[in-house]
Amino acid sequence: MAKIDIHVNILRYQPDSDEKPHWQEFAISVDDDSTILDVLNEIHWRHDGTLAYRRSCRSSICGSCAMKVNGRNVLACETPIHRFGRKLKIEPLSGFQIIKDLVVDLDPFFEKLRRIKPYLIVDNPLPDKEFVQTPEQLEQIGESTLCILCAACSAACPSSWPNSEYLGPAALLKAYRFVFDSRDDGADDRLEIVNDKNGVWRCHTIFNCMEACPKKIKITEYLSRLKLKVVENSL
Amino acid sequence: MKIEEARNHHQIDAVIVGAGLAGLRAALEVAKSGLTTAVITKVYPTRSHSGGAQGGIAAALANVSEDSLEAHMFDTIKGSDYLADQDVVERFVNEALKTVYEFEHMGVPFSRTKDGRINQRPFGGHSQPRACFAQDITGHVLLHTLYEQCLRHNVLFFNEFQVLSLQLKDDVCRGLVAWDIRAGGLHVFQAKAVLLATGGYGRAWKVTSNAHANTGDGVALVLEAGLPLEDMEFVQFHPTGLYKHGILLSEAARGEGAYIVNDAGERFMKTYAAAKMELAPRDVVSRAEQTEINEGRGIQGQDYVYLDLRHLGKEKILTRLPQIHDLALNYLKVDAITDPVPIQPTAHYSMGGIPANLNTEVIKNAAGQAVKGLYTAGEASCLSLHGANRLGTNSLQDAATFGRIAGSHMTDYCRRSAFADLPAKPLESAQAKIDRLFAGGKERHAAIREELQVNMTRNMGVFRNQDDMLKMLAVVKELQDRYRQVGVDDKGRAFNLDLIEALELENLLSFSEVIVEGALARKESRGAHFRSDFPRRDDGNWLKHTLAWRRDGKIVMDYSKAVVIYPQYQPQERKY
Amino acid sequence: MEKNFKQTSRSGAVAWLLQRISAVILFILLLFHFITYHFLTRTHAVEYRQVLERAQSWWFPLLQFAFLITALYHGLNGVWSVLEDYISSKGWRLAWFSLLLTVGLALLFVGTLTIIKLYTLKVA
Numbered sequence: 001m002a003k004i005d006i007h008v009n010i011l012r013y014q015p016d017s018d019e020k021p022h023w024q025e026f027a028i029s030v031d032d033d034s035t036i037l038d039v040l041n042e043i044h045w046r047h048d049g050t051l052a053y054r055r056s057c058r059s060s061i062c063g064s065c066a067m068k069v070n071g072r073n074v075l076a077c078e079t080p081i082h083r084f085g086r087k088l089k090i091e092p093l094s095g096f097q098i099i100k101d102l103v104v105d106l107d108p109f110f111e112k113l114r115r116i117k118p119y120l121i122v123d124n125p126l127p128d129k130e131f132v133q134t135p136e137q138l139e140q141i142g143e144s145t146l147c148i149l150c151a152a153c154s155a156a157c158p159s160s161w162p163n164s165e166y167l168g169p170a171a172l173l174k175a176y177r178f179v180f181d182s183r184d185d186g187a188d189d190r191l192e193i194v195n196d197k198n199g200v201w202r203c204h205t206i207f208n209c210m211e212a213c214p215k216k217i218k219i220t221e222y223l224s225r226l227k228l229k230v231v232e233n234s235l
Numbered sequence: 001m002k003i004e005e006a007r008n009h010h011q012i013d014a015v016i017v018g019a020g021l022a023g024l025r026a027a028l029e030v031a032k033s034g035l036t037t038a039v040i041t042k043v044y045p046t047r048s049h050s051g052g053a054q055g056g057i058a059a060a061l062a063n064v065s066e067d068s069l070e071a072h073m074f075d076t077i078k079g080s081d082y083l084a085d086q087d088v089v090e091r092f093v094n095e096a097l098k099t100v101y102e103f104e105h106m107g108v109p110f111s112r113t114k115d116g117r118i119n120q121r122p123f124g125g126h127s128q129p130r131a132c133f134a135q136d137i138t139g140h141v142l143l144h145t146l147y148e149q150c151l152r153h154n155v156l157f158f159n160e161f162q163v164l165s166l167q168l169k170d171d172v173c174r175g176l177v178a179w180d181i182r183a184g185g186l187h188v189f190q191a192k193a194v195l196l197a198t199g200g201y202g203r204a205w206k207v208t209s210n211a212h213a214n215t216g217d218g219v220a221l222v223l224e225a226g227l228p229l230e231d232m233e234f235v236q237f238h239p240t241g242l243y244k245h246g247i248l249l250s251e252a253a254r255g256e257g258a259y260i261v262n263d264a265g266e267r268f269m270k271t272y273a274a275a276k277m278e279l280a281p282r283d284v285v286s287r288a289e290q291t292e293i294n295e296g297r298g299i300q301g302q303d304y305v306y307l308d309l310r311h312l313g314k315e316k317i318l319t320r321l322p323q324i325h326d327l328a329l330n331y332l333k334v335d336a337i338t339d340p341v342p343i344q345p346t347a348h349y350s351m352g353g354i355p356a357n358l359n360t361e362v363i364k365n366a367a368g369q370a371v372k373g374l375y376t377a378g379e380a381s382c383l384s385l386h387g388a389n390r391l392g393t394n395s396l397q398d399a400a401t402f403g404r405i406a407g408s409h410m411t412d413y414c415r416r417s418a419f420a421d422l423p424a425k426p427l428e429s430a431q432a433k434i435d436r437l438f439a440g441g442k443e444r445h446a447a448i449r450e451e452l453q454v455n456m457t458r459n460m461g462v463f464r465n466q467d468d469m470l471k472m473l474a475v476v477k478e479l480q481d482r483y484r485q486v487g488v489d490d491k492g493r494a495f496n497l498d499l500i501e502a503l504e505l506e507n508l509l510s511f512s513e514v515i516v517e518g519a520l521a522r523k524e525s526r527g528a529h530f531r532s533d534f535p536r537r538d539d540g541n542w543l544k545h546t547l548a549w550r551r552d553g554k555i556v557m558d559y560s561k562a563v564v565i566y567p568q569y570q571p572q573e574r575k576y
Numbered sequence: 001m002e003k004n005f006k007q008t009s010r011s012g013a014v015a016w017l018l019q020r021i022s023a024v025i026l027f028i029l030l031l032f033h034f035i036t037y038h039f040l041t042r043t044h045a046v047e048y049r050q051v052l053e054r055a056q057s058w059w060f061p062l063l064q065f066a067f068l069i070t071a072l073y074h075g076l077n078g079v080w081s082v083l084e085d086y087i088s089s090k091g092w093r094l095a096w097f098s099l100l101l102t103v104g105l106a107l108l109f110v111g112t113l114t115i116i117k118l119y120t121l122k123v124a
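Chains as they are written, first to last, in the working numbering: chain A, 1 to 235; chain B, 1 to 576; chain C, 1 to 124.
Source of the hints: derived by calculation from the structure; they are not laboratory data. One or more hints might be untrue.
Claimed, not checked - Dumping the calculated EDC-like pairs for lysine to aspartate or glutamate here, alpha-carbon to alpha-carbon at most 16 angstroms: (1) B:244 x A:31; (2) B:244 x A:16; (3) A:218 x A:143; (4) C:90 x A:165; (5) B:523 x B:558; (6) A:129 x B:115; (7) B:491 x A:16; (8) A:87 x A:31; (9) B:471 x B:451.
Chain A extracted, bound-state conformation (with noise of 0.2 angstroms):
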């Protein structure tokens, strides 16, 4: 472990006293195993205590931290800085409307995956004990409930930035993994909300969500399949 310089832009946005969101750099010197976070909170902690962004875990679970590095959108807290070399650029996620510094607003991220009943519905009376369900039945939502909601791939998705109506690529996940949860009676409701010009019909399989997504979902691939539930289901 050594000390490296490396000099930092940050897109800067004071609500209190900024017109508009303006970049500035700061030089500093930090470990080379250091993490954006670790940065982050370098200048925070010794340089200038009025940069805002959100983190809490540490330990790319939260879903706080991400935001957008070198161009690309990552969590701050996994993401080591040897992968960007001496210069890095951190910006807010795009998409969202910026309250302060990195911070940008989720409410209507979050008001989005309200919209799709995002809960298991149950039509028959419940067993004594678990619901029977196979390794092979849970397989197909496995990995869609990795989801950490840090919402990188609705800030990478190109059909969402026009368009804020847009469910974007998180809530739609989520409409999958309870469409295909075996144990699910609710997908004729759900397959009715996301079957909308702002809802599975607006994504263009773009895959960047997908590679936006620090948990590596397939989500473009889930979404294909949703949309093929959904022709399935209605005509």
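Position chains B and C against the provided structure of chain A, taking the given hints into account.
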């Protein structure tokens, strides 16, 4: 800044602070009854640190082995080094199965046996494979599932709010005051019942598995309100923290068969716990690890040992432990399939916390008298289920089960009570905290926090002794003094991270003093509290819980006897 | 708002499905096109007589018409789905839709005319 009248004044039946497993489970229970229910959380609910739990949730389902409630109860009591209250443990194991089946019915994607039932894996200190799991993301899926259920039942969420004071008068809780992190500004919440489910206090240490958010805010609020804290000296160090980062590598790795080895490549647990080896309880394994390191048998003499997964094979690692594989790869550039992973003990779980009775009501003295309308559950609470040391996978079960129990008691309480009047000037103390930080002195919170954490790791770790702890006490007091001069750089209202961190630091400093005082007073070694100068457990004098208050700037203590009710669970020597 | 989107919701599924079906048809037609134009020519040099002969066989106008319809639908539907991403005002959407429809109909007319003309042309 004055309260902006009606907009910032809320009247809600049940207000729950914290959106982890305990908070959300309680919220769901209250909301189902039709009462208005709000969750106040400083991060978005799915960001809560319950999501960081990896290995599983304990319940004696007996899906893959013969298991029984009695066995679960015995393991928990023995794991606690006999300090756990046995009436609490009994309630816990009796409700555990229901909790897991409920979760499954809510849609939790548990890993399955071939015949489609919930799969279970072995875990440290449990005599049977009892951990129901979803790969190694169990906490994550439980948390998300509960959040989804709360959305379904229209729980109100106040996301990114920091609670600054409890509104307590005449032993009745009337609500609380919170700072709206996003927009800035104080809000008053008047409530019939308040639940503190604010999680643990592991952020007081430098090397910790805890999230940035785990600053023990609820614990500090209770202390500030003149109520006691219980057993704060008991903090669990997890044996498999990722070297230098302290990030958790789940015990599930050992549950699946991973080894811990020293520099000589020895599975050194054979000298410390020959029967259970790596699956001894965490306090035992952490002490073994620290002993190896202290005696120069760390890897290349350094302060870490290896977690070795290689013999498990690629497929098992990638299907059962994918997160562990990713973490080691991302943070240390170590591929667990081909190389051993450097690990060290990391501050992990707070056994101590806010004292409460079996109904989760917060109590105000050793006699067990309850404060009306104030509840606590999860890691913030101390019932005491885990005694001096918690078993892995009992925490998710604790949070969910006692979250539900809290919810049902809160529902009853709300139904039979009216809103109590708020004390005069409810905003005063919260406003004073904010004003002082904005007015500002020259001290910076980051420097003080760093000093606290480094010293806590150095002096209040796996092994403790009087000299170190006295040093620590002096450090805490000095830092508390310096804190009075702290000012923030950021004077803005919106998303003022600087302000929040400074407020959190006040909490860290406040309860850290209680940890040190409690540990100094407890002249024995029990569970996670190990004193080199008093290396034996002393049931004659210390089979009791610490209760600590802050009175006139000093920590004062009282004790309550541990509840030992069953002849078959009498304290005995603890060997694994 | 919500309701308006609901009304068009079915066409979302239909449009998506038809876009995929038309893509497959286009692919098959293209194969036919390449085979008939480039591999079934008997001589090395392309002769007017030969071309006209082919153009006046019974299958040729059917193939060309199928091509015309599918290509127009696929292309215009594609453009429309892009426009829908970027245009949210109802008025502008209507305007663009009308324009695309007009262009489509015009091209259909011109294309059909060409096919008929080729079919009915007298060999000199």
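Status of the hints after comparison with the structure:
no., hint, in the structure
1, B:244 x A:31, "holds, 12 angstroms"
2, B:244 x A:16, "violated, 38 angstroms"
3, A:218 x A:143, "holds, 8 angstroms"
4, C:90 x A:165, "holds, 14 angstroms"
5, B:523 x B:558, "holds, 15 angstroms"
6, A:129 x B:115, "holds, 14 angstroms"
7, B:491 x A:16, "holds, 9 angstroms"
8, A:87 x A:31, "holds, 15 angstroms"
9, B:471 x B:451, "holds, 13 angstroms"
Violated hints amount to a single one, hint 2; each of the other numbered hints is respected by the structure.
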